[in-house]
Amino acid sequence: MNSTEDIMRVRATASTRTRPVPAGPAPRRDVIASAGSAWGKYLVGMAIAFAPFVLLIDDSHWINIIAVTYLMGGLAAAWNIIGGFGGQFSLGHGVFFAIGAYMTGGLFISFGWSPWLTMLPIAVLAGGVAMLLSWPTFRLRGPFFAIATLAFNEVAFVLANHLESLTGGPRGMMIPFKVGFVNMIFRERWQYALLMFCFAALVIGISVWLRRSRLGYYLLAVREDEDAARAAGINVLAVKLQGMALSAGLTSIGGTLFTMYLRYIDPPTLFTLPDVGVKFALLSLIGGIGTIAGPLLGAALVIPFENWLRAELADSLPGVSLAILGLVMVLAALFMKRGVMGAFEDLMKRRRGAKERGQR
Amino acid sequence: MSSDQAMLRVDKVGKQFGGLRAVDDVSLSVRKGEIVSIIGPNGAGKTTFFNLLTGQLAPSEGEVRFDDRSINALPPHARARLGMGRTFQIAKPLIALNVLENVMIGAFMQAGALSAARDQAMAVLERVGMAHLAPRRAGELTLSERRRLEVARALALQPQIVLLDEVMAGLNQSEVAHEIELLQELHAQGLTFLIIEHNLKVVRAFSDRVVVLDRGRLIAEGTADEILSSPVVIEAYLGAGHMGSGRELPASVTNEG
Chain C
0 MNSTEDIMRV
10 RATASTRTRP
20 VPAGPAPRRD
30 VIASAGSAWG
40 KYLVGMAIAF
50 APFVLLIDDS
60 HWINIIAVTY
70 LMGGLAAAWN
80 IIGGFGGQFS
90 LGHGVFFAIG
100 AYMTGGLFIS
110 FGWSPWLTML
120 PIAVLAGGVA
130 MLLSWPTFRL
140 RGPFFAIATL
150 AFNEVAFVLA
160 NHLESLTGGP
170 RGMMIPFKVG
180 FVNMIFRERW
190 QYALLMFCFA
200 ALVIGISVWL
210 RRSRLGYYLL
220 AVREDEDAAR
230 AAGINVLAVK
240 LQGMALSAGL
250 TSIGGTLFTM
260 YLRYIDPPTL
270 FTLPDVGVKF
280 ALLSLIGGIG
290 TIAGPLLGAA
300 LVIPFENWLR
310 AELADSLPGV
320 SLAILGLVMV
330 LAALFMKRGV
340 MGAFEDLMKR
350 RRGAKERGQR
Chain U
0 MSSDQAMLRV
10 DKVGKQFGGL
20 RAVDDVSLSV
30 RKGEIVSIIG
40 PNGAGKTTFF
50 NLLTGQLAPS
60 EGEVRFDDRS
70 INALPPHARA
80 RLGMGRTFQI
90 AKPLIALNVL
100 ENVMIGAFMQ
110 AGALSAARDQ
120 AMAVLERVGM
130 AHLAPRRAGE
140 LTLSERRRLE
150 VARALALQPQ
160 IVLLDEVMAG
170 LNQSEVAHEI
180 ELLQELHAQG
190 LTFLIIEHNL
200 KVVRAFSDRV
210 VVLDRGRLIA
220 EGTADEILSS
230 PVVIEAYLGA
240 GHMGSGRELP
250 ASVTNEG
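The listed protein sequences derive, respectively, from chains C and U.
Residue numbers for the first sequence follow numbering that gives the first Met the number 0, so the first one is 0 and each next one is one higher.
Residue numbers for the second sequence follow numbering that gives the first Met the number 0, so the first one is 0 and each next one is one higher.
Because the hints were derived from the structure by calculation, they are not lab data.
This structure is a prediction, so every number in the text was calculated from the model and none was measured.
It cannot be assumed that every hint is accurate.
[Said to hold, decoys possible] Ranges between beta-carbon positions, derived for each pair:
{"id": "1", "chain 1": "U", "residue 1": "Gly138", "chain 2": "C", "residue 2": "Ser164", "range": "35 to 45 Å"}
{"id": "2", "chain 1": "C", "residue 1": "Pro303", "chain 2": "U", "residue 2": "Arg136", "range": "31 to 41 Å"}
{"id": "3", "chain 1": "U", "residue 1": "Gly138", "chain 2": "C", "residue 2": "Ala332", "range": "18 to 28 Å"}
{"id": "4", "chain 1": "U", "residue 1": "Ile94", "chain 2": "C", "residue 2": "Leu326", "range": "23 to 33 Å"}
{"id": "5", "chain 1": "U", "residue 1": "Glu139", "chain 2": "C", "residue 2": "Arg140", "range": "22 to 32 Å"}
{"id": "6", "chain 1": "U", "residue 1": "Ala112", "chain 2": "C", "residue 2": "Leu42", "range": "18 to 28 Å"}
{"id": "7", "chain 1": "C", "residue 1": "Ile146", "chain 2": "U", "residue 2": "Gly18", "range": "51 to 61 Å"}
{"id": "8", "chain 1": "C", "residue 1": "Ala237", "chain 2": "U", "residue 2": "Arg136", "range": "22 to 32 Å"}
{"id": "9", "chain 1": "C", "residue 1": "Ala37", "chain 2": "U", "residue 2": "Glu139", "range": "15 to 25 Å"}
{"id": "10", "chain 1": "C", "residue 1": "Met347", "chain 2": "U", "residue 2": "Gln109", "range": "27 to 37 Å"}
{"id": "11", "chain 1": "C", "residue 1": "Ala237", "chain 2": "U", "residue 2": "Gln183", "range": "35 to 45 Å"}
{"id": "12", "chain 1": "U", "residue 1": "Gly42", "chain 2": "C", "residue 2": "Gly39", "range": "53 to 63 Å"}
Beta carbons are placed, not taken as given, at the ideal position from N, Cα and C, and that holds for glycine.
Could you build all of it, start to finish, from the sequences and the hints given here?
So, in structure tokens, the structure goes:
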């Protein structure tokens, strides 16, 4: 007699009943930000991020740094999808970055194909490669996963040096300077800066969408507790693979833009860990891992600082800029566990708490 | 009990960990709408047995059937999708998320869109009396709230059967009473329960049938009153010296901290 339909119906009606709760009605606002407020924040944030571009568009030194900052911010945000939301600390994203870079360059040089057209198919391919590489590696947890992805980066570095017919090997790959929108090659630096801004805006927009989607919530659940995630009906491996594919595809697009910007790539540029694979993770860590704005904020703090250090100290004390940067990162890891965004949120919370106490 | 009524059917299931036989030849079936309690001394294999049912562990032998099909090959998430909700002995709140989001993680299984999942999760929170805690970070909850959150996340799956692993442990008397009330309400709405419980008051108040595990084996099965006065069970808990003393088990036989 207890048919499933009956049960469902009974439960459906029962679910509207409320039990007495100690503290008045539920404060529904603030629990989950509404779509409008999430996208509103996004627009305000991107407008702020756009300001340096407007202010310094004529400064040839700064516009360069701004372009790199947008690019690295976008790449860190792409890493943050699997590394921050999904909690899978990949240090091998240089592989996907290099796939985008080499394939875009190779297809442009050999066939003259426009980067605008090849960019997306290459990104899909990079996502596929990421899934193949991750399939076995996702059985590893925590530091072991990070070490395995580090190994992928090193293997890819060796391969890139050896496969000369495809990559140009140690000599590298030079993109001919054929100016034109179709070729994604521009005369002015600010045009690249604008392009990089669009990339960062795209990746962060995807993060905003993801954070409010089922996949985004599932990535968070997987990061927090895999057993609890499974018990909630989540296919943990599938969720990790989807997150990794999305993250790798966006990283590959970053590689495309990087190639067309620099017009020269070689294995050390694409695979040097402190500049690429590890950098994506570090920028996210400093800005706020697992937050939406954190990766771009991290890039905004670190990239100009790094450039300044290099310029100031390169002659007198070569290498010291790296040591100082390292120290800053250690301090950030020790004292701001959730990055600048985390510290900011804590501050806001404390202020709100003080205000509420004041009202009582 | 006719076989077509059995929702969950366990057939001669065993689990070997190296030299240890954690679960040994256990058969059990749970009918739709029934509440079955599993009791037994610490280390009897109760949680291991649970993990065999929910797929966290694969049985060394035997078969687990749900709705009359073998689910031996199914991973935990697929069993959850079939309608098996569970809680963990050590509560696993997703501490970086708030209470509502924790429950939404479960609700997303039925609801694809954010708004639908949020509404469903809110309805579950209201049902378990936690709606006022919705914006609270799960990491800031008390023990009893964490345990209740586990139940809420399991309910958000809209399951057919819920497996509760010691959800009363560490709760005070009024919290236990509150919890029993909640479970009875859910049961009245047609939900089936399989529970591991140390608190014999709870077992008495809230079970149709009790099974006893000891050293991995199922040593007794019956109504709560039959079981709690059975010499075999008293021996398993208190040792042979108490045989024939006419004693019953004390109200709580937990030896956790």
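* Asked: Which of the numbered hints are not met once you compare them with the structure shown?
  -> Checked against the structure, the hints that fail are numbers 1 and 7, while the rest are satisfied.
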